[in-house]
Amino acid sequence: MTEANENKQTTTADTEAAPVEAADKPAAPVKTAAAKPAAAAKPPVEESPETIAKRAEAQKRLDEMKAILEDKFGEGALEETGLQKFQPTLVIKPEYWLPVVTYLAHDESLTFNYPECFAGTDYPAKGFIEVALYLYSMSNGRFITVKVRTPRDNAEVDSLCSVFEGANWEEREIYDLLGVNFKGHPNLVRIMMDDDYKGHPLRKDFSVWEQQ
Amino acid sequence: MATTELRTEEMLLNVGPQHPSTHGVLRLVVKVDGEIIREATLVIGYLHRGTEKLAEDLQYTQIIPYTDRLDYLAAMINNHAIVNAVEQAMDLQVPERAEYLRVIVAELNRIASHLLFLGAYLLDLGAMSPFLYAFQERETITQMFNEISGARLTYNYMRVGGVKWDAPPGWIDKVRAYIPHFREKLKMYHNLVTGNEVFLGRVKGIGAYSQEKALGYGLSGINLRSTGFKWDIRRNKPYSIYDRFDFDIPVGKNGDCYDRYICHMMEMEESLKIVEKAVEQIQDGPVMGKAPKILRVPAGEYYASVEGAKGELGIYIVSDGKDKPYRFKLRRPSFINLQILPELMEGQNVANMIAILGAVDIVLGEVDA
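Just so you know, the sequences run in chain order A and B. Position one of the first sequence corresponds to residue 1 (this note's numbering), numbered consecutively onward. Position one of the second sequence corresponds to residue 213 (this note's numbering), numbered consecutively onward.
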C-alpha cells in the first residue's frame, strides 16, 4: 500500500497542455440562418455578438496561418482557405502536402505535433477525394485543419508516415476504404477488409446492396 | 566433451484471433527468438461492420444504436459523442436535467469500463480474484443502467436534444448511496492489488514509451496521460457541463504499464467526484429539449469530440444539408492507441506480451468499427 501512495502523482504533470483558445468552446446557443429545419420553418435568428466575435477570432487565425504558409511556400501552395464553423481550414496543393505538414509539425513556433483526426471523403460530383487532417498544437493550444485533394480515378497523395508515426494505420484505412494510394507508405495493405477484397467501400459509387 | 553450439531459430507464433487474452478478435503474429519477441504484427478488421458506411444511409437518430456497438463497454459515452457532435453542429440547446443525467451516466459508465479493465487486466496477469470483485461492482452499475435505459450493455439512451427517459423514481438516490459504497471498494482494490509485489514485478517499467512518441502516434486518454501529459477533453475542450465540476486529471510519469494501471484507478475516484457533485446539483425539469423531428445538419463539416473511456472519441460529420450525413467518420481511440503496440513488444519477453497488450486497454469493437 505504501508503494501505491508514493505513486499517486495526481496533478504533478511534467507538461501541461495549453488550454484551448476561446474559439473552440462549445458553440453558442444560437440558431444560425443555415440551421433551418424544414418541418418547422423558423425565421432566421440574428447571430449573437459572441458568435460573431468567435468567427472573427477564427478568421484572424486563419489569415495568420495563410500568411505564414504563403510566406514560406509561395502563393501556389494553397488551393483554398476557409472556416468550417470555427475551424480554420486550408486546402493544400498535392505537391506541397508533405512539405507543408512537415513544416507545420516541426517548426518551433508552430509545433502542430498532434494528429487529432484523419478523414477521407469521396466527392464524385466534384471528381476528387479529399483527405482531411485535424492538427493540434499541444504547446500553444492552436488547431487547424489541412486538406489535400486528389482525382478519384488516380488517387495519390504523399504519405505522412515520416512526420507522424500514427499516420501509418490511418492512411492504410483510407487506402482500404477509399482507394487513395499513399506514396512512400512503408506498408500500404488493406487493414479492415480482406486482403483479396475488390473495391473500396466508402466510395460513393460502392453500393452495399449490389455486393450481395 | 565436445561443445556443440546451440542452434537457435526464429519462430513465428500466431496468437488469436480467438484467444481470451486478446480481449476480442485481435490477431498477433509474433516472431520469437527463444523467449524474446523480435517483431510483432497486428492483424485487425475481424469485427469490421462498416459502421461509417452504414451511417451514410441512416438518419442521425438511427445512428445512435450503432455507436453502442463500438466501445460496447462504455456505450453511454459513445452516445454522448454523437449527440454532442450533432448538437454542436446544429446549435441546439439541451435542458439542464438532461445534461446532468448525461454526465451521471457517462461517468458511471467510465467507472464500469475501468472496472472491467481492472478485472480483465489482473486476469491476464494470472490473478483471478480481482476480476470477481470488479465484476461485482460493475454489476451494480449495469443494473442501474438497466433501470434507466432498459438495457445492460447497448443503452441507446441519449437523443439529440436530451435523453430518452427521465430517471425512474428513487434512481438518483440509488446513485447517491452508491458513491460512498464504491469509495470503500476502491480502497479494497488498492489493498488487494496496488501494493502487491508480484503485480508490481509484472508491470513496473514494462511497456514504457515517451511523451513525444505518444503524441506522434496521436495517442489519447490514459495512454497519453500515463506519460505525464495532462490532456483530457473534458478539461481542455469542455463540452456538455463538464466546466462546472472540479476534478483532477491523474497523470503518470514513466508511461509504463504500472502508470496506466494507476491512472485507471485514480480516474475512477475522479469520476466519483463528478457524479457526487452532479447528483447534488441536479434539478427537476424536462429531459428533452426542442429538437426538430427530422434532424438536418446544416451543410458543412464538423468535428467534435468527447473524452471516452479509452481516449478522445471524435465524430467528423460532412453534411450536405440532408437528414443523413454525407460522411460520418469516427475517431476511434482504441484504433489509434493500438498502433503503438508492435513497437512496445519488440525485444520483450513473451510473458510480457499480454501484460503490455492488456494495459493499452482496447475494445475490438471500437478498433474495427
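For the record, the hints were derived by calculation from the structure and aren't laboratory data. The beta-carbon is built from N, C-alpha and C at its ideal position, and this holds for glycine as well. Take the hints with a grain of salt, since some may be wrong.
[What the hints assert, rightly or not] A few chain A residues that face chain B, going by a derived Cβ cut-off under 7 Å, partial list only:
hint: 1; residue: Phe73
hint: 2; residue: Leu110
hint: 3; residue: Ser139
hint: 4; residue: Cys161
hint: 5; residue: Glu165
hint: 6; residue: Arg172
hint: 7; residue: Tyr197
hint: 8; residue: Gly199
hint: 9; residue: Pro201
hint: 10; residue: Leu202
[Claimed, not checked] Short derived list, chain A residues pointing at chain B, Cβ under 8 Å:
hint: 11; residue: Leu78
hint: 12; residue: Glu116
hint: 13; residue: Val208
Results for each hint:
1. Phe73: 23 Å, violated
2. Leu110: 14 Å, violated
3. Ser139: Given a least distance of 10 Å, the restraint on serine 139/A is violated.
4. Cys161: 10 Å, violated
5. Glu165: Result: holds, 5 Å to nearest chain B Cβ.
6. Arg172: 10 Å, violated
7. Tyr197: 10 Å, violated
8. Gly199: 12 Å, violated
9. Pro201: Given a least distance of 5 Å, the restraint on proline 201/A holds.
10. Leu202: 6 Å, holds
11. Leu78: 18 Å, violated
12. Glu116: 7 Å, holds
13. Val208: Cβ of valine 208/A sits 7 Å from chain B, so the hint holds.
When each numbered hint is compared with the structure, violations occur for hints 1, 2, 3, 4, 6, 7, 8, 11.
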